[in-house]
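Add chains B and C to chain A, keeping to what the hints say.
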Amino acid sequence: MDKIKLDSFVDVYLIGSLSSLNIRLDHTDKKSVSVVKKNIGIELPSAQKALERNGLTLCFVSDDEYLLLNEKKQNESLLNKFKKQMNLTTGVAENTSDLRVWFLIKGDQALNALKKGVPINLEKLQISETNFLRTKLGEIQINILFKSYNEILVSVLRSHKEYMIDWFEVCTKRGTEINFDF
Amino acid sequence: MSSRLPRGGSRVNREKLVDFRFNGKNLKGFDGDTVASALLANNELLVARSFKYHRPRGIFTAGEEEPNALMGIGEGSFFEPNIRATEVKIKQNMNVNSQNHWPSLRFDFLSINNLLARFFAAGFYYKTFIWPRAAWKYIFEPMIRRASGLGKAPKEYDEEHYEHIYHNTDILIIGGGLAGITAAKALRDRGLSVMLCEKDSVMGGRYLQDCKSEDRERYKKLYESSIEILKKSKDIAVKLNTCVTGIFDHGFVLAYEENQGLNVTTKKALWKIRVKNIILCTGAIERPIVFPDNDLPGIMLAASARDYLQKYGVLLGDRLVLTTNNDYAYKTAIELKQVGIDVPVVLDARASSDGPLVKEAGALGIRILFGKCIGKVEGKRKVDAVGICSVNGEGTIEELISCNAVAVSGGWTPNVNLWSHCGGKLIWDGDLGFYRPDPDKTPVGKDGETNMLALGGCAGVFSNYDIQDQVPRKINQFASRLKIKSKRYIEPNIFSKELERNAPPVFVLPYGASKDKQKRMYIDFQNDVKVSDLQLAAQEGFENVEHAKRYTTLGMATDQGKTSSINGIYVLSQSLGKSVDTIGHTTFRPPYKPIPLGLIAGQYTKKLFKPIKKTPIDKWNSINNAIWEPVADWRRAYAYPKVNENLEDTLHREVLSVRKNVGLLDSSTLGKIMVKGPDAGQFLDLIYTNMMSSLKTGKCRYGLMCNEAGFVFDDGVVARLNEQTFLCHTTSGGADRVYAWFEEWLQTEWHHLKVFIINLTEQYSQIAIAGPKAREVLQTFKSIDLSPDKLPFMHFMETYIDDIWVRVYRISFSGELSYELAVNSNQAEELWNKLLKAGKKYKIQPYGTEALHILRAEKGFIVVGDETDGTVTPQDLGMEWIVSKKKNDFIGKKAFSLPHLNARVRKQLVGILTLDTDKVLPDGCHALEDGKAIGHVTSTYFSPTLKRSIALGLIENGRSRIGSALEFESSSKESIFAKLVDPSFYDMEGSKQNG
Amino acid sequence: MLYLFCPICRRDCDETELSCGGQAHLIRRDHTSSDKDFYRYLYERKNDKGIIFERWRHVYGCGKWFHTARCTITNQVFGSYSAKDALPPKSLLAKIRSSRVDFKGWIK
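Residue numbers (our numbering), protein chains in the order written: chain A, 174 to 355; chain B, 457 to 1451; chain C, 1037 to 1144.
The shape of chain A in the complex, shown without the other chains (with noise of 0.2 Å):
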């Protein structure tokens, strides 16, 4: 995890990829459902949720596709398994870990900065259920991980790398804070 040089009002770092499984199954068919709670430990998250158990997230995308983000090396052979046993199903998982690059954003002005450039309703009271949201940055998909309102992970298409990196230079710049006068 390298931070990022900014003169920027929050500290950026930049984590790059996560190892990654996308999952995609119906969840009305028990039998790939029983294959992620017996192999993952974790119940399908519903909408706006991400549940963690053990170093694994699993996240919610859709109703039929959810993101599972692991941090532990240990959990690998597990995700193997995984992985192998839910392709038997009607369902799918597959290794996405190098699709998208993650960065961290940590500071008290984090939630701000994000308002520079995503069209939800952050709103401290809003969210304050919500962890996971994949919406849009100016112009470019986003996945957003609230770790709490201090720390955020996002990530972005691995395309977009730079990009990602250029938005964090001008619009968490320090001087373009968001004030209220009172």
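Simulated from the structure, these hints should not be mistaken for laboratory data.
Wrong hints could be hidden among the right ones.
When the alpha-carbon atoms are kept at most 30 Å apart in a straight line, the in silico BS3-like pairs for lysine-lysine are as follows [to be verified]:
{"#": "1", "chain 1": "B", "residue 1": "Lys-723", "chain 2": "A", "residue 2": "Lys-178"}
{"#": "2", "chain 1": "B", "residue 1": "Lys-728", "chain 2": "B", "residue 2": "Lys-676"}
{"#": "3", "chain 1": "A", "residue 1": "Lys-254", "chain 2": "A", "residue 2": "Lys-178"}
{"#": "4", "chain 1": "A", "residue 1": "Lys-346", "chain 2": "B", "residue 2": "Lys-547"}
{"#": "5", "chain 1": "B", "residue 1": "Lys-881", "chain 2": "A", "residue 2": "Lys-334"}
{"#": "6", "chain 1": "A", "residue 1": "Lys-334", "chain 2": "B", "residue 2": "Lys-1063"}
{"#": "7", "chain 1": "A", "residue 1": "Lys-320", "chain 2": "A", "residue 2": "Lys-222"}
{"#": "8", "chain 1": "B", "residue 1": "Lys-897", "chain 2": "C", "residue 2": "Lys-1082"}
{"#": "9", "chain 1": "B", "residue 1": "Lys-728", "chain 2": "A", "residue 2": "Lys-279"}
{"#": "10", "chain 1": "B", "residue 1": "Lys-1049", "chain 2": "B", "residue 2": "Lys-728"}
{"#": "11", "chain 1": "B", "residue 1": "Lys-939", "chain 2": "C", "residue 2": "Lys-1120"}
{"#": "12", "chain 1": "B", "residue 1": "Lys-881", "chain 2": "C", "residue 2": "Lys-1082"}
{"#": "13", "chain 1": "C", "residue 1": "Lys-1072", "chain 2": "A", "residue 2": "Lys-309"}
If you're wondering where the values come from, they're calculated on a predicted model, not measured in any experiment.
Same frame as chain A, but now just chains B and C:
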């Protein structure tokens, strides 16, 4: 003459002098002055020349409703034209220039237009400049171009930093005057998030300027305690310097924040606010009375004259006449008299009035004449004297009063623009003479319910007592309708009930003004629209207010008619003999006041303008001198020229290296979609024109995709990974489109099919290694076995290059022996370097997209987007072989049987060889027969392999014309002749790629 | 700018997160249909002044399609429902009927 008082001015800091330049003249002002107040302090009354007639104009107001004083401010990359001098604060060394005159402001040659005014009445351009036609090019057009417009367009890139900021709030209060502040106090602690936007740099609106001096302490106390309450409230957020500029559907609001002179990086921000409800407290704008010669410098709105006195310590003149129809305007006469200005007379249009302000003016010794108004103004570039006449009659001058300032007030117009932006309707109040929001026809939100409440001046409620009385009550009602915590808010009323003086509304005086006078009575200053113009419009049949507006250009200038709309509507109604409310009003549109174009772009300019997608090989491409080609959102390497190599030689080298040795291509941008499920084969059979379910595991098949109208829109190789899993490749530009296409069919039509798809376009990078030596290069890696029987043409295998996992496809777009290696993107750069190193002794060279296109064109392979344009069928391309006859249903099947795709003449794909082998046909040029265009060139190159030009094209009945020559129009002067041939030029049997 | 509720993500989204798919509930015609029916399927679309039923795809979010019922005069949105529904749900039609007296109901 206008001047500055030795003391006073609530907005200026007299300790801090500021130097600035006006039309090259060095002037001084105080920190806090606007350009307008500083100019007036320096006796600069003449500040502009009007649009059409180049009449001398002065500062008319103290706010954003200013129609005259438009300046060019700044220089170079920060130059902005058409800025209202009343809104910009002066800064050290600021450069200010007036507009629309030549050679100078004082001596403007084009004021000659004024003398010819009778020829330039409204709509003159519909009736003139018709004949002779030749005169258009040499006389009329250049003349009109020079004369048109006000400010000069900036010549340099706008270097100002703009930002977009998104925000959500439950309630948005627009305006921080008495009504806005009271509303905010009433809405706090109700569990709602409240945002208040105030366009000025301080709160209060007209509140502090309008109180009598003996009330000032009491007023100030209420103001200060209110601000304290707002500051302490956790649920109220206030933004100053932020003007709400547009209200759109479903509670979407745009606000323009302008931080002038503050030490921040973001000077200008566009707030994009999503709100549930809006409380509109935008107050009212004073309306002038229209009288003859009413546009000379030195004539100003009455309250504005008072604003200059109170805020900046500036006097409009030292001898001022007031013309009015209401008590309120008397405050101007009184306050100016109190600082020692001579007020020779007040001309009151009413028959009489005994209000306290009128009495106070009389007590100060001011002469008041009732039933009188101004019949003419004398002076060339400033006011020298006014002629008094009776309000009735045609304006015979009874008495001449010398003066150098005139204050005008015809009443107040509620500021209703924002109410109207999103569907709110207005109602005409005949007693008070204005349009105000109709509380029964409010704007509605997404749920069909009212989402806006208008309070205070913008609702036609002007008295402080009434505001203080009504606002808390209306907010309580509003809150209970929203079913929120309704704590009844009570506000003690510190104001006394003012006695109502129902002033009969007055718009244009004198009532019977002669035709001659009407030609000098200006309604819309910015567009030079006179009373006579509106009468002309009515006379010529432009009776509808929308037609009259466009015919006269009333209200179409940058001030959007803020001080002129109502007066214009009144004149139109009089001309038609109708009442004002049957005339209606024109549509108010965002932005409320002009906003810079840069604001709309925000920070999404320069390197943030277009998100450019970069492949994992992009860095290597950069270092190795690649020329870039944009392909959809990607940037790809077009070619890799060596130092001092011209492009033609580069392409020559790259193409021949693939034909003779081995080349390396980054094809990472190709779309890759995994299609998985028990019904995957069935699904793909419906999508592609050919059979896919019969494809065996380990094999690849090229497929074509059409839309329901039968037109080709994408193509690519499909690989079968196992029984239930296919990997579909798409064109680089088509990845997202094809993914969306698949999802649309699976979600909305064939949702019974058990199929899931995953977009793996960026998960895998793809590197093509092509040429006779390709296999040898790959075989240098011991981990891989590529003997022809192990990996035949159109098969794939998963293996390793050293420790890097790859999927090797034996497919060829170049027509040579070729392998495409799919690798996980994180290892792509490493693999690329390994391949370059391994291929060094075989003289491996990277090649770009242009060489690739030449190679495939030599083979006659189509490129979707070149040979197809959304109207081309597989049959047109000569690809009947790819359209399955066995399949029951697939997208496009019905379309292929339609008459227009069968009975009529269709353009067909052919090869084109110019008779002169060195001539290369221009891309897209037309084939001609008997002067008619019968087709065009879709791809054209000079082929290094064949040492001559080649081209592909779509020509009517092309296939039956093979062997004959056609004329191609290569330019307006030149034609090139070429022979039509089969669309393939090299290795027709395919021996190279199959080896 | 419209603010529509995505029934999958269970949140409101700006119109800029969505892609409009035009008229809802089109009946797909295949090779068994007449030429006339096929042309109508390809090219004929309603353009009502009043309540319309349309499709939207949440491109920048879940990627899912959904339907909405919207009034083209006031932009009032009556509700969002699943893309799999071949017809607007009865409860939604009842809701529209209760506030719009002149609503003629769902017409194919």
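Checked hints:
At roughly 24 Å between alpha-carbon atoms, Lys-723 of chain B and Lys-178 of chain A fall within 30 Å of each other, so this suggested pair holds. Between Lys-728 of chain B and Lys-676 of chain B the alpha-carbon distance is near 33 Å, which puts this suggested pair outside the 30 Å criterion. Straight-line distance between C-alpha atoms of Lys-254 of chain A and Lys-178 of chain A comes to about 40 Å, which puts the hinted pair past the 30 Å bound. Only pairs whose Cα atoms come within 30 Å are accepted, and Lys-346 of chain A paired with Lys-547 of chain B is accepted, the gap being roughly 25 Å.
A distance of roughly 49 Å separates the Cα atoms of Lys-881 of chain B and Lys-334 of chain A; the hinted pair therefore is violated under the 30 Å criterion. With a C-alpha separation of about 13 Å, the suggested pairing of Lys-334 of chain A with Lys-1063 of chain B holds against the 30 Å cut-off. Distance check on the hinted pair: Lys-320 of chain A and Lys-222 of chain A sit about 12 Å apart at the alpha-carbon level, within 30 Å; holds. Between the alpha carbons of Lys-897 of chain B and Lys-1082 of chain C the distance comes to roughly 29 Å, so the proposed pair stays at or under 30 Å and holds.
Of the supplied pair hints, the one linking Lys-728 of chain B and Lys-279 of chain A holds, its CA atoms being roughly 24 Å apart against a limit of 30 Å. Our distance criterion of 30 Å between C-alpha atoms is met by Lys-1049 of chain B and Lys-728 of chain B, whose separation comes to about 16 Å. The straight-line distance between the Cα atoms of Lys-939 of chain B and Lys-1120 of chain C is roughly 35 Å, outside the 30 Å bound, and the hint therefore fails. Our distance criterion of 30 Å between C-alpha atoms is met by Lys-881 of chain B and Lys-1082 of chain C, whose separation comes to about 29 Å.
Restraint check: the Cα-Cα separation between Lys-1072 of chain C and Lys-309 of chain A comes to about 42 Å, which exceeds 30 Å; the hinted pair is violated.
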